[in-house]
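**Q** Read off the chains here:
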Amino acid sequence: MDSALATTDPNMPETEVHAEHEHVALPQHRHHFETEEQQREAGSFGMWLFLLTEIMFFGGMFFAYLLYRNWYYPAFAVASNQLSVPLGTINTAVLITSGFCMAIGVWAAEVRKKGVLVAMLLLTTVFGLIFLGVKYDEYHEKYELHHIPGDSFNTSMFTNPAGYGIKEEPLAPDMAQKTQIFFFLYFAMTGMHALHMIIGIALLLWLTWRAQRGDFSSGYVAPIENFGLYWHFVDIVWIFLFPLLYLINRHPLH
Amino acid sequence: MAHEAIHTDAHDPLNVTNPEHAQHHIVTPLQYGYVYVTLLLFTGITAAAAYVNLGWANPVIALAIACFKAVIVILFFMHAAYQSRLIKMTIGAGFFMFLVLVTMTLTDYISRAWGLW
Amino acid sequence: MGLSPVLWQFLVKWLHNSSLFPAEASGISPYVDALYFFLVMMTIVGTALVAVLLLVFSIRYRREKNPVATQIEGSTLLEATWTIIPLAIFLVTFVWGALLYFRIYNPPANAMNIYIVGKQWMWKAEHPGGQHEINALHVPLGKPVQLTMISQDVFHSFSIPDFRIKREVIPGRYSTVWFEATQVGTYHLFCTQYCGTQHSGMVGEVTVLTPQDYKKWLDQSTSGQSLAQNGERLFASMGCNSCHSGTAAARGPSLAGVYGSKLTLTDGSQILVDDAYLRDAILNPSKHVTAGFAPIMPTYQGQLSEDGLIDLVEFIKNMQSNYRVQQTFVTSASGESAPTTPPQGTNETVNP
Amino acid sequence: MSAAIGNTIVSLPDQTTAQIPKRNYINNEHGLLSWLLTGDHKRIAILYLISITFFFFIGGAFAGLIRLELLTPQPDLVSSDTYNKFFTMHGIIMIFLFLVPSVPATLGNFLIPIMLGAKDLAFPKINLLSWYLYVIGGTLTLAALVLGGVDTGWTFTTPLSTHYLNTHVITAAMAIFIAGFASIFTGLNFIVTIHRMRCPGMTWFRMPLFVWAHYAASLLMVLGTPVLAIALVLVALERIFGIGVFDPTKGGDPLLFQHLFWFYSHPAVYIMILPGMGVISEVISTFSRKRIFGYTAVAFSSVAIALFGFFVWEHHMFIMGVSNYSALVFSLLTMLVAVPSAIKIFNWAFTLQKGSITFETPMLYSFGFMGLFTIGGLTGVFLGSLGMDIHLTETYFIVAHFHFVMVGGMLMAFLAGIHFWWPKMTGRMYPESLSKLAAVTTFIGFNLTFLPQFILGYLGMPRRYHAYPPEFQVLNVLSTAGATVLGVGYMLPMLYLAWSLKYGAIAGDNPWQATGLEWQIQSPPLTENFTETPIMDHEAYDYEWLANKTKKEVTTVG
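Residue numbers (the numbering used here), protein chains in the order written: chain A, 342 to 595; chain B, 26 to 142; chain C, 87 to 438; chain D, 17 to 574.
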């Protein structure tokens, strides 16, 4: 059997290009697709379907948030006010910038500018890391304040805000307990989001390495495009998390 | 061989793909730039709007802005505006199912307080 | 039911005697069984129809008989038939089932109340008169009985098959079910929701007694203190009376006659005071601040057992005046017990 | 090929000259590694077949132990802790490691690309990844078992699973989480393949109904499974950190977990049954030599089941303290979802009308499916009806009901499918009379096992009980006796199918004279299925086209 090893792609187990498929031009073309167009469309459709599952995955947590926010609104409002809006806003901007770099990266791949592509992928990574850094800082603050849900969770800041120099109405003890639910959802949602970012950054580093090797400089851009979809999806999740978690009640009620 | 009969020698490779497949559209950096600036702008607006007391409108505005931002990310950063109808329907299906999850579950939570009749 | 009552009785008796059918021991049972027989008929007819179709076609159109198949596209008329007829039957089932559901879960107003606490792995029944039973329940014949149930730990499910009733016993929230026993005897009581290691040991017996026997039983098994009396002591010992004293200067609202009334909360919403509300107001007071009062009540979450909560709820439920609250306050300071009846001329019926 | 009219359509090539094709997907490459790193959908299907069979027998062993314990009313065989672990393992293994992947991951994987005229699924590597995820999930389940077991029940009811048990809940939850992603990837692969990889001429309404059924099931896998995943993640987090989104003492709502869990786990029932329905469509058509009565109705009823399947989950919670009003809504929707199943049953039955019917093993299993699934489906109406549900839920009635659907339905369909496509997958036939015996044994054993459980359920015997009142013993003994027969019924195919691998008659390309594209290629197929991209120029189940084609071949040959 005539088979030539396609050199470039560690991504696929099938590395044979059969003799009867000589019309296949590119080495990255998978043997089982008739055309590259078909392969490309299948790839992006598959990615979108995967994002569909991600919507439902986060959907469960968003619903939990909706429910408890309505049940325990005072606790949610006060607990939300303990998050830093400046940090949250900066982080949103950082993440959008990262997404913007990714978008430019996709363009660079499409117009086959290898240098720009590599630079943009690196920038995307850097902004992603900045985001995670800020997130770490925020987590660390919560840790020091004993606002990590669990046995060490401490509600005294909410029952006695004046003692901590915070301008908030004190919460009744039973309602103050419910801030734990807020913080649990906060950590679960942002944590799951951060986990997606960490996975994304690992993929980004791999893609950057492949990009500088020249894998995406000849018109084959599907991995970059599909990763772009993933990265933007992660952005979108944050776009919702930011107002829902940080901005519940920032205006003085009285 | 038995299976020869259903084969014909000539086959048009284009025939096997989606008949409505769109020409691959390349969004320019300038367009990305506009979207990027809009996103930053609305991030600022949403943060600022939270400090104004608008009563029930506060969460509505926050969510409306978030939805708007998400839509332009999907349309332009994710190229959904230039994709086939299938992809658009897929995205729609995702949000539809999320709404099913939310609304159908809420039928329980909202009417639970109504008690017996 | 379509069947004559005699035939019905005969059928049910015969099935029961051959251990194929549970006893019909509650008022609701015949209604449940009627729907059951309807559905069984539906299943038998439906399955028989499919079986007959398969059999007849298999015989008539087997290859020896019919070597060449005739291709048929389909038939809209036939397909519409087997879409609409099942749909109609299922819709009838839906309406019938829904009516039954509300009959089983809506207690009549005159039902007597018994509290049930489920815990790993036993049932505790608490009668208003203070009689406690473990894994047993004594009820009078022919009187509607409402069960107000709560779990102390995980989901349980309270099931009396011979009464055809069952309801999940939930942690953190009262659920109710009711029945009217129509036959003297003892019946199985099961926990049907898997609740951990000894799930299958969480069983008991329901004893239906004639009203006379029931009264005898109540008198024999009393612990001396009714639930409301227990609640009263708890009310004093937890210091509830210091705020809910019913005086004009009190920091908490007066609780006399509050049960069954509509309260206006600080956010303007109106709420009906029932068992569930009272329980929740003790545990999560800040969710239910009565209009005109400050949200200062502490939570009693973790300080009261479900039994204690039931005592308190029962006490507040039966509280017609603030007289005894105030008396308890006075006498608990002096160390004497409160007089049980107010002297003549006191404000016994001040509440609206 | 004998053209004489007999009671069978099986037409095998002349055994003296016939041989297995020299080149096929099985011997294309050699060595264990060529299997473990394969991208070929057919090889992955075989890998799946081996692994799900393994788990089926483990799950089945637990079922046997459960039935053995229930032989007597006393808790005498094992302790209640052990018993609880038995039924939990039985549930987890059978549902997540057998039923969900059974038909889709084996037959679906093997056949969908061939039926569509494609060389492979859209993402072979993801397909392989899906199998590895399945294996990891399976291994974790076994780890949970070996380390001491889990006793949550497969439903992981909170707060029991989160705060009251000290068994290996997190390990089991992780296993299901990972196996869930295997299922998501399978579904995703199918959807993309069906949308994008159809051969020229293969329009939507020329696809075999098997493909339609898998399309519908795949939608459920992709949209439902992630919700289960997040519910299990929350359970695990709640156990680790001791916080309470599902714990009422901390302000959480245990019913929220139920909502999230059943949002997946009800559609999961359709994930399990729909592919089975696809198998039945193929088998019934082939052995009655007729196109399926009302093809479009059957195709759309699959999609309708998938769609409605998402709107009915709360019927698992009718007595759990949900709002009465929403219970009404969900009960009504439950009644609606029963209709498409009824349509399917009657359409299959009428497919037989004016057919030319033969009774090979797959057909016997299909008849079994139709009878048992009818009972299973109609008893589901009992449980969808609010008032009836109160008495029947959480008893043996519900156990009997879902076993009629899952075992009587899905397992029968799975066996029908395995027998139907076995010659295609292996190139060899199994002994026909022995396999018919197995089909009949299974049917009898099944009814003996589960019919008594309906009666037990109405008598009120609760499910998941280790010990029970003595008056229920007779029916339990019947059930256990039935389980023994059923066990034999499942062992038989194992033996003769294994035997057939070496000694079975050579099957040839198309032993059943079926019309599907998969029957027009060699058995076992080539690695890339077709030597050239096929062109679909006829409807599905077009027996005249097949007759013409056969005639042409006969005339050209001689």
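Please note: incorrect hints may appear among the correct ones.
[To be verified] Chain D side only, calculated, beta carbon under 7 Å to chain B, not exhaustive:
id, residue
1, S96
2, F197
3, T219
4, L239
5, V338
6, S339
7, Y341
8, V345
FYI, nobody ran anything at the bench for these hints, they're computed from the structure. Predicted, not measured: the structure shown is a model, and the values here were computed from it. We put the beta carbon where it would ideally sit given N, CA and C, even for glycine.
**Q** Starting from the hint list further up, note which numbers the structure goes against and sort them upward.
**A** 1, 2, 3
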